[in-house]
Every structure is written in C-alpha cells, then in structure tokens.
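Number of protein chains: 2
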Amino acid sequence: MSREVSALERARLGHRPELPDILTGGFRNVTFEEGDATTAVRDVDRIEASFPKTFGRPGLDLVEGGGLQDARALSVGVVLSGGQAPGGHNVITGLFDAIRAVHAGSRLFGFLGGPRGLFTGDHRQLTAEVLAPYRNTGGFDLIGGGRDKLESAEQLAACRATCEKLSLDGLVIVGGDDSNTNAATVAEYFIDQGVETVVAGVPKTIDGDLKENGVEASFGFDTATKVYSELIGNICRDAASARKYWHFIKLMGRNASHVALECGLRTHANITLIGEEVQERRATLDQVVEHVALIVKRRAEAGKNYGVCIVPEGLIEFIPEIRVLIGELNRILHEDAKYFESLSLFSDRQEFVNRKLSRDSSYAFSCLPVRIQQQLLLERDAHGNVQVSRIDTEAMLVEKVTERIGEMQARGEFAGRLQVQDHFFGYEGRCAAPSNFDAAYTYALGHLAAALIAFGKTGYMCAVQKLVAPPGEWHAAGVPLTSMMQIEDRKGRPTPVIGKALVHTEGRPFLELAARRSRWEIEDDFVFPGAIQYFGPREISGLPTMTLLLEHGQDPAPAP
Amino acid sequence: MSREVSALERARLGHRPELPDILTGGFRNVTFEEGDATTAVRDVDRIEASFPKTFGRPGLDLVEGGGLQDARALSVGVVLSGGQAPGGHNVITGLFDAIRAVHAGSRLFGFLGGPRGLFTGDHRQLTAEVLAPYRNTGGFDLIGGGRDKLESAEQLAACRATCEKLSLDGLVIVGGDDSNTNAATVAEYFIDQGVETVVAGVPKTIDGDLKENGVEASFGFDTATKVYSELIGNICRDAASARKYWHFIKLMGRNASHVALECGLRTHANITLIGEEVQERRATLDQVVEHVALIVKRRAEAGKNYGVCIVPEGLIEFIPEIRVLIGELNRILHEDAKYFESLSLFSDRQEFVNRKLSRDSSYAFSCLPVRIQQQLLLERDAHGNVQVSRIDTEAMLVEKVTERIGEMQARGEFAGRLQVQDHFFGYEGRCAAPSNFDAAYTYALGHLAAALIAFGKTGYMCAVQKLVAPPGEWHAAGVPLTSMMQIEDRKGRPTPVIGKALVHTEGRPFLELAARRSRWEIEDDFVFPGAIQYFGPREISGLPTMTLLLEHGQDPAPAP
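First to last, the protein sequences are chains A and B. With the first letter of the first sequence counted as 1, position 473 gets the number 471 in our numbering; the numbers rise by one all the way through. With the first letter of the second sequence counted as 1, position 371 gets the number 369 in our numbering; the numbers rise by one all the way through.
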C-alpha cells in the first residue's frame, strides 16, 4: 500500500470484527427458518397491490441446522446509496469474506458512484487485495456513493441489464429509507421479469431514522453520535470552565431528532430540543424561543452565564405553524409563479405573499427574521419550492433568543450576559472510522446479506438483532422490505415507501431525557464521553448507543 | 462521587501517568545542578534593568545525587491563567502528589477563577478527596481559570498579602506567555519585598506558541491538535467520498499557526495556510486568494470539485498590507475620534477614512468585502481600536475565493463547481481529556514545580525536556523566566515580555509541509489520524505531535 496511513488506521486495518456465531462457517450448518407471513405497516391493500410478487413473505431467522446444500461460487454486486455512514466499507468486506467462505471462486463487484454505477454498469471488481486497505475504515471512498434514485422504468431496465451482464446472484443495496424502498421495487421488478438476482437491503444512515419493524438500528448512527458526543462533552467542559459562553450546537439530521436525543442523553447538555416533541405539542416558534430564553435567564440568575443547547438540524420543519406556512407559500408560488417572478424587489414579493397567506401564516411569516424571509422568497429550488432546508435553524434560534434576552434586559428582567458561540456538527462524524460496534455490526450485515443471497431469499432487509448483547450472540434475520412499507405522499402522489422512524415521545429514550432534563437545565450535570476508543474493555470500547440500550430496556447509566 | 461519569472518564480517573524517573521518590535522591548564568533573548540590558534580582540566574537540571535535606511540609498555591488547555488538572494533581511525597503534611491551595483569586485570596484547599474526580480530566473546572493580569502595584501587593496570609512556600502560575511574564514580575517583586514564596511558571497553551529557550512545548497543544486532526481527517474522508464540497476549516490560534501546521502535517489536507509564511513573503490578501483559487481550479480540472483547506484563525493579521491598514485605521480613528463618531452612516465613515488612508491602505481597504469594512468602521473595542480579532478570516477567504472562481467561470476559465462548507474548531479541543502524552507531561510539570519549590528555586519556568522519548526518560529542568524575555511594544510602551514563538519557516515542521504540499494539493493523499486513543501500544496512544518529533529530528511518518 503506497498511501501513508496513521498508526490507528493501520491497527484498524488488522482488526477482525467479532462475528455473530450464527454467521460463521460459510453457512454450512445454518438455515433460514420462516416465520409467519408478514403484512405492511399501514395501507396493507395498497402495498400488496404495488408489490404483488413480494408482499406478505414470511420473516426469516437464521438458525442452526440444515446448512447450505449448494455451495457454489457466487457473483454479487454492491452499491452504496446516499450520504456516507461509518461502516459502509465493512458491509462490503463482510459480504466479501462471507461469499468467499461459501466458495473460494465467489466474486464481488462494487458499482461506482452509487446507483448511477448500477445503471451504467460502471463497476470495479473487489478482491482481497483491493479491500485490504479499507477494512474497518470510514468513508465510502472505496467505490463512492451517490444520491440517484432507482425508480424509473429506464433505471430498472438498466439495472436489470447490468445484473444480467454480470450474471449476478445477488445485488446488495446499502442505503436509507428511500434506497431500501428502491430495493423493494427492484426485487419486485426482478421477480416479475424473471431475473434471478436476489436483492438485499442494508439499513444505513447516521440519522438513525431507519429502524423498527424488526430492524433495531441503522449503521453509522453509533459512530457518528459518538463523535458528536465527544465534541459536545468537550464543549460542555469548556463552558463550565470558562463560564462565559452559551454554545448552540446544531446536529445533522433533518427528518428526525434521534442524533440530538442520543447526544443529549450522553452529555446531559443543558438543553436538548427534540423536533418531534415540538411538533407534538404544537409549539410555535416563539414558544420554542421563550423556552430557551427562560432557561438562559434562570441559569443567569444562578450565576451561570453559560450553557450548552443542542438543536436538531430539522427543528424548524417540525414547528407546525412553519409547516403550514411553507405549504401555503409553495401553493401561492406555484399558482402565481409568473406574476411572482416578475416582482424583482423583496418588498414587493413580501407584500404580495402577505396578501395571499392565511392570517396565521402571515403572522408566522412576519415573526421570522428578515434574513430568513428573504431567503424563502428569493431563493427557490428546481421545482420552484421554497428552500426550507436552507434555513439555518440554529442561527435563527440564536438570533431570536438573543433578541428576546435583549428585550428582557431592557425591561430589567435579565441582569446576566448572553454571549453565544455556535457550532454545526455533521461532516465531522459521517466518515469517522467505525466504532467497534459499527465495525462488527456492518461486518455482520455484510455476512447476512451474503446468507440471504446464498439461500436465494430476495426482497429482504438484513436485520441483525439483539444488538445490546455482545456481537457473538447477535441474531441474524431477514425482514421483508414490503413489511416495512406504508403509503405516503411524495411529490403530490400517494407512494409506497419505507417510512422514516421518528423519535417517539412515549419511547424510553425520550422519556429518559424528559425525566432528567429539568435537572440538567440548571445544574451542571455534564457527562464527558470522550473520544471513541477502539481498545480496552467493552464498557469503554464496545457499548452501543444509549438509544439502543434504553429501547431494549437496559439502564445505560454506568454503575457508580 | 455523585456526578455521573462516562466509562472512559472513570477509566481515566484511575490512570496513573508515567512519571520521569528523575521525578519519583519525593526528591530524596535528586538535586538541581546549576548550569551557566543565563541572559535574555534580546534587549539584555533592559531586561537586566527590569529584573535586577532575578536576571542572569543559571539554568537548572534535576540530576541524581544530594537529595532534599529539609523534607518539611510545604504549603503551595496554584493558579490557572488564561484559556483552558488539556492537562491543567494534571499539573495540579502532579503538584499535589509531589508535595505529599515530600511530606504527608503538605498542603495545596487552588486560587479560584484565575489570578483574580490570588488578589482576593479566594481559594479552595485541594485534598486527595477533592482531586480524585479530576485526575486526567480535561477542563479547568476544578478551580476555574481567568484572564486577569498580574501586573499593577495593587495586584502585586494583593498577591503578596495572599501568599503571606497562607504562608505559601510556593506559588505555581500556569499560563501562556503573558502569564509567565507576570510570573517573572511576581518573582522579582517577592525577592525585592523579602517574601519567601517561590514562584514557578508552567507553560500552557493549546496554541503551541510558548516554547523555545529550553521549553520544548506548551501543554495542551498535543491533545487539542489531536482532536482537531481527528475531525479534519474525518472531513478529508468525507470530502473524498462525497466528491462534492470544499471544506474550509478555521483553527483556533490567533498569534501563531502551529495548530494549523500540526494538523496539516497530520492529515495532508489539500491546503494548509501558514500565517508566518504569508507574512514573510509579504503576500497580499489577493495573492492568498489567488493561491487558493488556483488550487481549486487545478483540482477541478482533475475532476475533483472538492478539497480541504486549513486556515489559521489569525491569518488576516499576518498579511502585511492588512497590518499596515489596521495601524493606519487606529491612528486615524484616535486622532479624529470625535468627528469620526459624529458620522453615523457607514458611507460617510468610509469616505472620511478613505481620504485619510495612505494610497496602499486605501486600496487594501477597498479590497475587503463590504461586510468586513462595516465591521471595522462600526464596531470598535473599549480602547477605540478596530476589532481585527473579530474579522472572520475564513469566511472572508471563502467569500473572496468564491468571487474569484465566479470571475474565472464567467471568463470560461473554470468549468468545475465550487460548493463550500465551513468549519471552526477551537472549543472542541480546549477541554478534551488530556492525551496520554499531555497527561504525563502535565503530571511531570506539576512534580517539577514541586521540586523547584522544595529546593527553593524561584523565578523559573518548569521545563520537562526530551519529550520525544518515553516519559520515564524525560529530563526535568528549570529555565529562568528572565532568560526567555525580550522587549516588545505593548500598548505603545516598550515592555519586557516572554515573546510568542512563531512558526519558523526554516524549521523542520514547516519545511516538511513545504516539501510535501504540492503533492497534497492535487493528489488525495489524506491521512486519517482518528480519535485520540488512551489504550493500546505507544505508537497509537502515546506519540507526541509531529511538530515535536520533527523539531527533534525524528521522522514522524509511521513505518509502512
């Protein structure tokens, strides 16, 4: 290897992730046991109508017995779809090692640049030599990822052509909810077209919002939240040492607040905002601001002009009045697109829009900082929609909280100081070297994908279960992709999709936060998780996320 | 301990840093050997005149032999001055363990909130029980830090009163260049006043700019740069995986670019800007922008619309034309303060200033983005000076590079894309749990401070040397504070100070960067250092910075 590698990376390249017992041995003594027929999350009839060939398949559990009868060489393709997540490379090495354990002649092809590589056939054969420098590393740089969809008739036909050309026994699609929805479509299409390639999905996303229905966690969430928690813990310690700044920390994760919740639980930051809670309480933006401002005020009264507030990236979109506003804006902008575009001044656009908005939305709009109003009316996406994703939630929150505190100050209701530092953590964690947990989890997922292919089980998502136990004890299951589906509105059309798992406000992770946060708000009860450790005892280097522990009824607080 | 601690922190609380052999055993078999009389870095006569009692003292080396004859109980005070740096708590535990090893009745007092605690006498007795939860932890939260100076006659008198009231045998001042300059003043003052308290300085700053003259490194630099390098490495991997963004990363460190240099060396980021080089080459802002834009262009031509650029926080202040401009602005603003203040419009101020500036400075001013011009003319500090430190160097650089690329695009000279993500790392690393290196280094520094006090050696900086060897082999020396001094202009007055150590463009760390960077600019030759490891072999968990290794003539590249 000509590339210079760090000492830690070199050690990781030689690391052998612990494999679930059931996944060892080339599948010679295991078999998939079929459970009951499955259904769908919701909208059962419509999901069945959309997936007539694959709907209702039984859940699968890999158990001892039987064994792979036909241990022939396998040809398998793999594609990394969507944003990076720690462990992607280990899915691939796990897949490779497993198909090689089945038969030394097995071959693995990586499609380059995500789904696009699958359409164009652009691929790379992945050999032991090619893979050696990527074992247990972060990033998707081995074959690259991409955000193309796999939906249209042309794409499906191109995908078929590629699989047939390479005579693939299996195609492994590594991705989030959308990519796994696409995997279900491909699986259905292949059966319909008589293509024999088995399609398997692997749950990937640092956002943690692809889970439930038998899938315990998406890979990458563990590592990414550990990186963010390291940094947040360091910042909490800095805040408590300098006693000078409020740190507002935005965390990646637009659609769900799992990352914020996990990091809040690990660090006991003074405030952790959860989008789903805001939505459920039907809180207004002003109420969210007031909530934060009051904690700033109470801490100042206790002599603490500092603190740490965690803000999920997608917070703004969870605020009901903002959702309604965005909906109305998009409708108005579409209906009167031509006239609207003819208005070149922001003030004219503002006037026009205000006349058209409902009373509530007009009020919500006027409460936004002018900068944000401008952004919404002047910059629109390719479909002509307002770019809500561009709104910098945390900068806006800081702006409004600062305003509110200034108001209190002027009224003599606030005698402290508010100096803010803001942070955004996202890119820092997506390509970290996978934690021992994620390294083992993804290596197992790769093996499990190989098992599904070897046993000819198409249309399943790889589900490694009992993840709170040590890896040796993990279970290996197959969850029918259709069983995870429901109908949702996409671009105005009811569409069968695998839904995003949101934070449940009645779930244990959130309840843990809710039960303890009033103390964290005022006391400095910070916990400092520190950097991810790859060596040392399991409680330091191998425990899964608090979210996972709590969801499995375990107490994540380390023994005193 | 009622506080909840993470598993890693619990393990670190029980960690016993490796101590240099020479510092073990309660100083019963060691003694300080005096070297030659010392002088000063520059301006020898004026330093001698300012420090008649302490100037010229010999350097000290702790060597075997002799041994502490008078092993009586010691009373010692410690103060943490300035910004946090990883290892501060270990200086204190090292000091405590060492004075207890001298005599079980020894007592340690921590002054609260930095030098202010020393004036007011506000302190806390630090016992084994108090210290137990702080061993090997980050932060300064045990006793707090502070940025007060220790200079005026009143402050010195108050400091004397406190030391006398507590009958202190020693006072340990932990801080950067300014704080150690203050330590020299206190030492001189105490001798002059017949106060018997020994004053010892400890070199602290994550910026790495307090070194040379026998001091090999300031503590905290190792840990902080390892945290930043972890993140930068992760971002490099993300950039190479997504192939979509240029990441501009600003790193803390206003006065010197050691942090940027170390992180550049560790990660091989595509671009690492070094303020000292910019200054030496007398580069203009436009030249710096052009340099970056050309690399962006060359990478785009190679199909790489992504990259990573490291920017030292203080870059702008190193650009000679900007320095001159700032100087002129401050002069103008002082001379015509009243009239200037009467101009409330930015455009009026701009017009006025432009009339008064030299031709070169007027040009430099007009090249700044309007936002920065406004900031300079509208916001001034308590002394009426422009707030150059508020200029967001990296945002400005991004703005100007983006402009330049846009220009190239319009001319058909750039066919790529430039999408930027920016980052600022500083607070993330200042309070990290000290690396094994920093934990051992600071623990040794604490012991060495105790030795200086026990042997009655005042006015010295603790200098633990041979830091590239394993800790057991480190040397312990005392460097006379006055020997590190020179005269510099402070607030318009020539003042004896310990200067800041800048990056030397003829030093090995910079030369290493200079020799290798043209490759890093175009190739993706990234190195991914990963998270700080506290366990595992020394090459993973114990090596010092590349800067230190290179400065000591060692090859930091890990063997292939």
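Simulated from the structure, these hints should not be mistaken for laboratory data. Glycine included, each C-beta is placed from N, C-alpha and C at the ideal position. Do not rely on the hints blindly, as some may be mistaken.
List of simulated lysine to aspartate or glutamate pairs, DMTMM-like, C-alpha gap at most 25 angstroms [as the list claims (entries may be wrong)]:
#, chain 1, residue 1, chain 2, residue 2
1, B, 163, B, 210
2, B, 242, A, 326
3, B, 242, A, 2
4, A, 295, A, 504
5, A, 242, B, 176
6, A, 163, A, 146
7, A, 147, A, 120
8, A, 242, B, 2
What follows is a list of derived Cβ distance ranges for each label pair [unchecked claim]:
#, chain 1, residue 1, chain 2, residue 2, range
9, B, 409, A, 505, 51 to 61 angstroms
10, A, 149, B, 551, 32 to 42 angstroms
11, B, 120, A, 517, 23 to 33 angstroms
12, B, 356, A, 120, 57 to 67 angstroms
13, B, 551, A, 2, 54 to 64 angstroms
14, A, 516, B, 409, 33 to 43 angstroms
Tested hints:
1. 163/B with 210/B: violated, 36 angstroms
2. 242/B with 326/A: violated, 32 angstroms
3. 242/B with 2/A: holds, 24 angstroms
4. 295/A with 504/A: violated, 29 angstroms
5. 242/A with 176/B: The given pair, whose Cα atoms are some 21 angstroms apart, holds under the 25 angstroms limit.
6. 163/A with 146/A: Judged against 25 angstroms, a Cα distance of about 21 angstroms means the pair holds.
7. 147/A with 120/A: Holds, because 16 angstroms separates the two Cα atoms, which is no more than 25 angstroms.
8. 242/A with 2/B: With Cα atoms ~24 angstroms apart, residue 242/A and residue 2/B stay inside 25 angstroms; holds.
9. 409/B with 505/A: 51 to 61 angstroms: At 56 angstroms between Cβs, range holds.
10. 149/A with 551/B: 32 to 42 angstroms: violated, 60 angstroms
11. 120/B with 517/A: 23 to 33 angstroms: holds, 27 angstroms
12. 356/B with 120/A: 57 to 67 angstroms: holds, 58 angstroms
13. 551/B with 2/A: 54 to 64 angstroms: violated, 20 angstroms
14. 516/A with 409/B: 33 to 43 angstroms: violated, 60 angstroms
Hint compliance for this structure: hints 1, 2, 4, 10, 13 and 14 are not met, and every other hint is.
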